[in-house]
Amino acid sequence: PCTVFTDDSIGILDLLVATGLCKSKGEARRHIKGNAVSLDRQKVQSDTVTIQKGDAFASKDYFLLQLGKNKIHLVVKE
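For the sequence shown, my numbering assigns the number 78 to the last residue and increments by one with no breaks.
Derived from the structure by calculation, the hints contain no laboratory data. Treat each hint with caution, since some may be false.
When the alpha-carbon atoms are kept at most 25 angstroms apart in a straight line, the in silico PhoX-like pairs for lysine-lysine are as follows [what the hints assert, rightly or not]:
| no. | residue 1 | residue 2 |
| --- | --- | --- |
| 1 | LYS43 | LYS69 |
| 2 | LYS25 | LYS71 |
| 3 | LYS71 | LYS23 |
Beta-carbon label-pair distances, calculated as ranges [unchecked claim]:
| no. | residue 1 | residue 2 | range |
| --- | --- | --- | --- |
| 4 | GLN45 | VAL17 | 13 to 21 angstroms |
| 5 | GLN42 | ASN70 | 16 to 24 angstroms |
| 6 | GLY68 | ASP14 | 15 to 23 angstroms |
| 7 | GLY26 | ASP61 | 26 to 34 angstroms |
| 8 | THR50 | VAL4 | 16 to 24 angstroms |
| 9 | ASN70 | ASP8 | 29 to 37 angstroms |
| 10 | SER9 | LEU64 | 16 to 24 angstroms |
This one's a predicted model, so the numbers in the text were calculated from it and none came from an experiment. All C-beta atoms in this analysis are idealised placements derived from N, C-alpha and C, irrespective of residue type, glycine included.
Given only the sequences and the hints, what does the whole structure look like? Please build it.
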């Protein structure tokens, strides 16, 4: 699956809900606390992470958002 990210910035909780990997922000928080969320194969440690176009991910036009072992979602920046 793939989602297009057009905003200048988005929080990790909003991104998890927007991609459909989580049904609610509460569920997303539980997964982050359980160490089950990764951005480009790096674990997300906090639910306050904000992804901005000027971040380290800005060098690419896409990144992988992963929940657990089997749910991987491609997020494309426009």
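So, going through the hints one by one against the coordinates:
A distance of roughly 12 angstroms separates the Cα atoms of LYS43 and LYS69; the hinted pair therefore holds under the 25 angstroms criterion. Between LYS25 and LYS71 the CA atoms are separated by roughly 17 angstroms; this keeps the pair inside 25 angstroms, and the hint holds. Taking the CA atoms of LYS71 and LYS23, the gap is near 14 angstroms; set against the 25 angstroms cutoff, the hint holds. Here the CB-CB span from GLN45 to VAL17 is close to 19 angstroms, well matched to the stated 13 to 21 angstroms.
At about 18 angstroms, the CB distance of GLN42 to ASN70 agrees with the hint of 16 to 24 angstroms. Here the CB-CB span from GLY68 to ASP14 is close to 19 angstroms, well matched to the stated 15 to 23 angstroms. Separated by about 31 angstroms at the C-beta atoms, GLY26 and ASP61 satisfy the suggested range of 26 to 34 angstroms. Take THR50 and VAL4: their Cβ atoms lie about 18 angstroms apart, and the range 16 to 24 angstroms holds.
Distance hint check: the CB atoms of ASN70 and ASP8 are about 31 angstroms apart, consistent with the given range 29 to 37 angstroms. For the pair SER9 and LEU64, the beta carbons lie near 19 angstroms from each other, so the given range of 16 to 24 angstroms is met.
Hint violations for this structure: none, all hints satisfied.
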